[in-house]
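Trainee: Sequence:
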Amino acid sequence: MSGEGAPALSTVDGAAELRVAVVAALWHTTVMDGLLDGARRALADSDVREVTEVRVPGTFELPVAAARLARAGYDAIVALGVVIRGGTPHFEYVCSAATDGLTQVAVTTGVPIGFGVLTCDNDEQAIDRAGLPGSKEDKGYEATVAALSTAVTLARLDPR
Numbered sequence: 002m003s004g005e006g007a008p009a010l011s012t013v014d015g016a017a018e019l020r021v022a023v024v025a026a027l028w029h030t031t032v033m034d035g036l037l038d039g040a041r042r043a044l045a046d047s048d049v050r051e052v053t054e055v056r057v058p059g060t061f062e063l064p065v066a067a068a069r070l071a072r073a074g075y076d077a078i079v080a081l082g083v084v085i086r087g088g089t090p091h092f093e094y095v096c097s098a099a100t101d102g103l104t105q106v107a108v109t110t111g112v113p114i115g116f117g118v119l120t121c122d123n124d125e126q127a128i129d130r131a132g133l134p135g136s137k138e139d140k141g142y143e144a145t146v147a148a149l150s151t152a153v154t155l156a157r158l159d160p161r
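Those letters in the sequence shown? Residues 2 to 161, per my numbering, in order.
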């Protein structure tokens, strides 16, 4: 895990009026609870008032839900999930599908997506990134700040 070069996390000025959706997988409850709590804290810290939370079965389903939310007019989407490496190629397939799918949604719709998908070798790595007490990182918070910051920047470039 490298925190080198990461920007400082802070509130996002100008995000209060954004309409934001958080789409989160259901697998790995403890880790997902931490990621969701981090996203909620970041949204509250930036005074975002219009938030919709959507749960999907797993990380593989994040892109289709994000696509529907993007078409529904949300200004930013936060995608949260976790995939733990196992003994089969399933890890690579799911990680690739989620990454490629979320990228495609963001590029084709112009709606920024905060990428809060943990791809870890084991449970300990996931817990260390989940924003739980004792975790070294808070990827739910980070992904949310990234989505909000990008949405604010895009709004300045091309106000609706």
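Hint data in this document are derived by calculation from the structure and do not stem from the laboratory. No residue lacks a Cβ here, since even glycine has one placed at the ideal position from N, Cα and C. Hints are supplied without guarantee of correctness; some may be wrong.
Here are the computed distance ranges between Cβ atoms for each label pair [to be verified]: (1) Lys137 x Leu27: 36 to 46 Å; (2) Glu93 x Thr31: 22 to 32 Å; (3) Tyr94 x Arg50: 16 to 26 Å; (4) Asp48 x Leu155: 14 to 24 Å; (5) Phe92 x Asp38: 24 to 34 Å; (6) Glu125 x Thr154: 31 to 41 Å; (7) Leu27 x Ser97: 30 to 40 Å; (8) Gly15 x Gly74: 16 to 26 Å.
Trainee: All hints are to be evaluated individually against the structure, with a verdict given for each.
Mentor: Hint check:
| no. | hint | in the structure |
| --- | --- | --- |
| 1 | Lys137 x Leu27: 36 to 46 Å | 24 Å, violated |
| 2 | Glu93 x Thr31: 22 to 32 Å | 24 Å, holds |
| 3 | Tyr94 x Arg50: 16 to 26 Å | 38 Å, violated |
| 4 | Asp48 x Leu155: 14 to 24 Å | 19 Å, holds |
| 5 | Phe92 x Asp38: 24 to 34 Å | 25 Å, holds |
| 6 | Glu125 x Thr154: 31 to 41 Å | 35 Å, holds |
| 7 | Leu27 x Ser97: 30 to 40 Å | 20 Å, violated |
| 8 | Gly15 x Gly74: 16 to 26 Å | 18 Å, holds |
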